[in-house]
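2 protein chains.
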Amino acid sequence: MALIVQKYGGTSVGSPDRIKNVARRVAKFKAQGHDLVVVVSAMSGETNRLIALAKEIQSQPDPRELDVIVSTGEQVTIGLLAMALKEQGVDAVSYTGGQVKILTDSAHTKARIQHIDDANMRADLNAGKVVIVAGFQGVDAQGNITTLGRGGSDTSGVALAAALKADECQIYTDVDGVYTTDPRVVPEARKLKTITFEEMLELASLGSKILQIRSVEFAGKYNVKLRVLSSFQEEGEGTLITFEEDSTVEKPVISGIAFNRDEARINVIGVPDKPGIAYQILGPVADANIDVDMIIQNVGQDGTTDFSFTVPKGEYPRALKVLEEVKKHVGAREVSGDDKICKVSIVGVGMRSHVGVASTMFRTLAEEGINIQMISTSEIKISVVLDEKYLELAVRVLHKAFGLEQAA
Amino acid sequence: MALIVQKYGGTSVGSPDRIKNVARRVAKFKAQGHDLVVVVSAMSGETNRLIALAKEIQSQPDPRELDVIVSTGEQVTIGLLAMALKEQGVDAVSYTGGQVKILTDSAHTKARIQHIDDANMRADLNAGKVVIVAGFQGVDAQGNITTLGRGGSDTSGVALAAALKADECQIYTDVDGVYTTDPRVVPEARKLKTITFEEMLELASLGSKILQIRSVEFAGKYNVKLRVLSSFQEEGEGTLITFEEDSTVEKPVISGIAFNRDEARINVIGVPDKPGIAYQILGPVADANIDVDMIIQNVGQDGTTDFSFTVPKGEYPRALKVLEEVKKHVGAREVSGDDKICKVSIVGVGMRSHVGVASTMFRTLAEEGINIQMISTSEIKISVVLDEKYLELAVRVLHKAFGLEQAA
Numbered sequence: 001m002a003l004i005v006q007k008y009g010g011t012s013v014g015s016p017d018r019i020k021n022v023a024r025r026v027a028k029f030k031a032q033g034h035d036l037v038v039v040v041s042a043m044s045g046e047t048n049r050l051i052a053l054a055k056e057i058q059s060q061p062d063p064r065e066l067d068v069i070v071s072t073g074e075q076v077t078i079g080l081l082a083m084a085l086k087e088q089g090v091d092a093v094s095y096t097g098g099q100v101k102i103l104t105d106s107a108h109t110k111a112r113i114q115h116i117d118d119a120n121m122r123a124d125l126n127a128g129k130v131v132i133v134a135g136f137q138g139v140d141a142q143g144n145i146t147t148l149g150r151g152g153s154d155t156s157g158v159a160l161a162a163a164l165k166a167d168e169c170q171i172y173t174d175v176d177g178v179y180t181t182d183p184r185v186v187p188e189a190r191k192l193k194t195i196t197f198e199e200m201l202e203l204a205s206l207g208s209k210i211l212q213i214r215s216v217e218f219a220g221k222y223n224v225k226l227r228v229l230s231s232f233q234e235e236g237e238g239t240l241i242t243f244e245e246d247s248t249v250e251k252p253v254i255s256g257i258a259f260n261r262d263e264a265r266i267n268v269i270g271v272p273d274k275p276g277i278a279y280q281i282l283g284p285v286a287d288a289n290i291d292v293d294m295i296i297q298n299v300g301q302d303g304t305t306d307f308s309f310t311v312p313k314g315e316y317p318r319a320l321k322v323l324e325e326v327k328k329h330v331g332a333r334e335v336s337g338d339d340k341i342c343k344v345s346i347v348g349v350g351m352r353s354h355v356g357v358a359s360t361m362f363r364t365l366a367e368e369g370i371n372i373q374m375i376s377t378s379e380i381k382i383s384v385v386l387d388e389k390y391l392e393l394a395v396r397v398l399h400k401a402f403g404l405e406q407a408a
Numbered sequence: 001m002a003l004i005v006q007k008y009g010g011t012s013v014g015s016p017d018r019i020k021n022v023a024r025r026v027a028k029f030k031a032q033g034h035d036l037v038v039v040v041s042a043m044s045g046e047t048n049r050l051i052a053l054a055k056e057i058q059s060q061p062d063p064r065e066l067d068v069i070v071s072t073g074e075q076v077t078i079g080l081l082a083m084a085l086k087e088q089g090v091d092a093v094s095y096t097g098g099q100v101k102i103l104t105d106s107a108h109t110k111a112r113i114q115h116i117d118d119a120n121m122r123a124d125l126n127a128g129k130v131v132i133v134a135g136f137q138g139v140d141a142q143g144n145i146t147t148l149g150r151g152g153s154d155t156s157g158v159a160l161a162a163a164l165k166a167d168e169c170q171i172y173t174d175v176d177g178v179y180t181t182d183p184r185v186v187p188e189a190r191k192l193k194t195i196t197f198e199e200m201l202e203l204a205s206l207g208s209k210i211l212q213i214r215s216v217e218f219a220g221k222y223n224v225k226l227r228v229l230s231s232f233q234e235e236g237e238g239t240l241i242t243f244e245e246d247s248t249v250e251k252p253v254i255s256g257i258a259f260n261r262d263e264a265r266i267n268v269i270g271v272p273d274k275p276g277i278a279y280q281i282l283g284p285v286a287d288a289n290i291d292v293d294m295i296i297q298n299v300g301q302d303g304t305t306d307f308s309f310t311v312p313k314g315e316y317p318r319a320l321k322v323l324e325e326v327k328k329h330v331g332a333r334e335v336s337g338d339d340k341i342c343k344v345s346i347v348g349v350g351m352r353s354h355v356g357v358a359s360t361m362f363r364t365l366a367e368e369g370i371n372i373q374m375i376s377t378s379e380i381k382i383s384v385v386l387d388e389k390y391l392e393l394a395v396r397v398l399h400k401a402f403g404l405e406q407a408a
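Line by line, the protein sequences give chains A and B. The first sequence begins at 1 in full-length UniProt numbering and counts up by one. The second sequence begins at 1 in full-length UniProt numbering and counts up by one.
With the rest of the complex left out, here is chain A:
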């Protein structure tokens, strides 16, 4: 007898048959005596269809009205899932974000949850009903419909679990857990039974797009037990995301390897080395709404410094243009860049207490003749920027070098 919050993504509810499958799984848990709150996304493709419709009217859709439109995607799914449960003899009731109510700020299309009223849900759970809640959406203090941004249904699930003090929040997705790296690149990649919140945060932000990063932060903040499972497999424990402090077993040095090919590198060479120069370079980039990821500054020659950073590949041409202006302004010698790069990161809380992790990484890459273009480190990860063509090779040799194919 536990209170479980389950979240099903768009692929899991992508057709009437899949919705019936989700209902069968929910019914199974219900039959085991658990109380269930189920959070669902829009059917796959539906949110994109609605956004495309809005863009036929306004190329830059009004944020308030866009939220009115896209929030209908989840509203359809909650109704369908409630029907599917009733059809299977399980009493269920659906709630929109506004009906719960999930109170957010008024930042349309990227609102943040401020409070969740659990009174109605509690009453329904006590009456033996399965409660179904539309993910991704809420309502602000003035009653305007808001959405949490892409992937926000994960955040809805975790926030509901926190508000209800649920025993577990289960995120059902099209993968059956978190792997040491992408099995399409390394066939020996192994599913992790547990992973710490910190590692998950690093892996999520580095491109392992299993969970929305805000949902992981939220789970950490409110101490929610979070589990990633497959909605297409009947059995399986998935991957439990734990607090580092909880884990009594010794952690492996490295938990996983993340990578992405979505960034481009920009170099600003020969910049006068004086206070405020970093801001003078990166300020205009931020003003142009271009996200900057890795940032590296080296001491150069003759009182100058070299600046390198990465931006999303799609923003590369625009970023170069901005930097050409900046170059004149700050008196830099040269602006160059490369959009044929990739980023590979090793992540693990174990590296805190183990020396030599970085040197193992660098040696492994050197032995394969892979040149490292940039390095960036944090407490639990080391990222390197490489020529794009080395991505698969680098991930494979690092996976082997850190023994990730062996069970912990």
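By construction, these hints were calculated from the structure, which means they are not laboratory data. Quick reminder that beta carbons are idealized off the backbone N, C-alpha and C, glycines included. Treat each hint with caution, since some may be false.
Computed, partial: chain B to chain A, Cβ under 10 Å [claimed, not checked]:
#	residue
1	A23
2	A54
3	P61
4	D62
5	V70
6	L80
7	L81
8	M83
9	E87
10	N144
11	V355
12	V357
Starting from the known structure of chain A, arrange chain B on it as the hints suggest.
This is chain B only, laid out in the frame that chain A set:
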């Protein structure tokens, strides 16, 4: 400077381009200095798509959850229209039924409006905004989403006009007004400049499907000035629906001719003529949820009576089955019927003060050799049931006989 409520149906908002057209029309009225509240239906086809989706899950969809699903159709349209207005430089804000709020009873899929809170709309109108409201939907006292039933957007429009004490409620549709009869049957059919509420009620219920009948009742009850116009023509006054008491000009005897082919006739012959017999026959029909329209009882032979009534054509086989049981029970001699019939009705408040209307009708039909199977009369209409094959001929000769092709 007037406060106008405009309602646009599904065909009028059936595509992004049509929504932009509606926005242009609204903007034109706004530029003339009017305050505008715009009620919209779901894009044409959308409600049917959502119902079909629900039926893939549950053949008899749960009413509460069906309302959650289908109400999304109008929610999408309000967002799109608000965007289209903003794109044209007109400030606008959208409201779902729950946001207005339009309070209804809890009769899901056929709810009735109980109260409309006009505070938010008033504030927006005062701030110079166009207010856009989702038709067809409301919310009950517990916060559940409700819908008003098919065509309920008309009722939403009229109810909003009543609550706001609007100067006029304009119903935009794919016809440009109310005609003396269907122009596809009688090319000389003429658009009426005005029609009384009573006549409109009779015409609406008889199959001139321009306005939902409840919206007309509502308009009459709350004294709302109602006008039917075309959303596809730039100019035109449409047809104004008036209170009979208002009209100072003499009314023509007959305003229009309605017809339908959607009914079937059932005869119960040789029923013992005793008190309660009508209930014994029609009670079981009502219990089977079959609507009965025209009912006629004749004195028969030997202390028996003959009973005839019409039912929807789709219910004809089921009704016959029910009546076979009833036949044994009440001791009737025979149950028979015919589903190859049509109903033709002449409607007009003028017939109150003119004698001979019925005889003109019957003589006209007789001259064409058209046999009348059933006759039913009310204060302002006369309906006859005929063999289906005579429908077009009957409508044409009656249209001519009552001089409907000539301007009033």
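Answer holds if the nearest beta-carbon of chain A is closer than 10 Å to that of B/M83; otherwise answer violated. With Cβ-Cβ at 4 Å, under 10 Å, it holds.
For the hint on B/P61, does the least C-beta distance to chain A fall short of 10 Å? 6 Å, holds
Answer holds if the nearest beta-carbon of chain A is closer than 10 Å to that of B/D62; otherwise answer violated. Hint on B/D62: holds, closest Cβ of chain A at ~5 Å, below 10 Å.
Against chain A, is B/N144 within 10 Å by beta-carbon distance? 8 Å, holds
Hold the hint about B/L80 up to the distance rule: shortest CB distance to chain A must be less than 10 Å. The hint holds - B/L80 has a Cβ within 10 Å of chain A, the shortest such distance being about 5 Å.
Cut-off 10 Å, beta-carbon criterion: hint that B/A23 touches chain A: 9 Å, holds
Would the hint on B/V70 be counted as holding, given a Cβ-Cβ threshold of 10 Å to chain A? Interface hint status for B/V70: holds (9 Å vs cutoff 10 Å).
Measuring from the C-beta of B/V355 to each C-beta in chain A, is the shortest one below 10 Å? 57 Å, violated
Is the hint on B/A54 kept, meaning its closest Cβ partner in chain A is under 10 Å away? 6 Å, holds
Min Cβ distance, B/V357 to chain A: is it shorter than 10 Å? Hint on B/V357: violated, closest Cβ of chain A at ~51 Å, above 10 Å.
Should the interface hint for B/L81 be scored as holding, given a Cβ-Cβ cut-off of 10 Å against chain A? 8 Å, holds
Minimum beta-carbon distance criterion (10 Å), B/E87 to chain A: 5 Å, holds
The structure is inconsistent with the numbered hints 11 and 12, although it conforms to all the rest.
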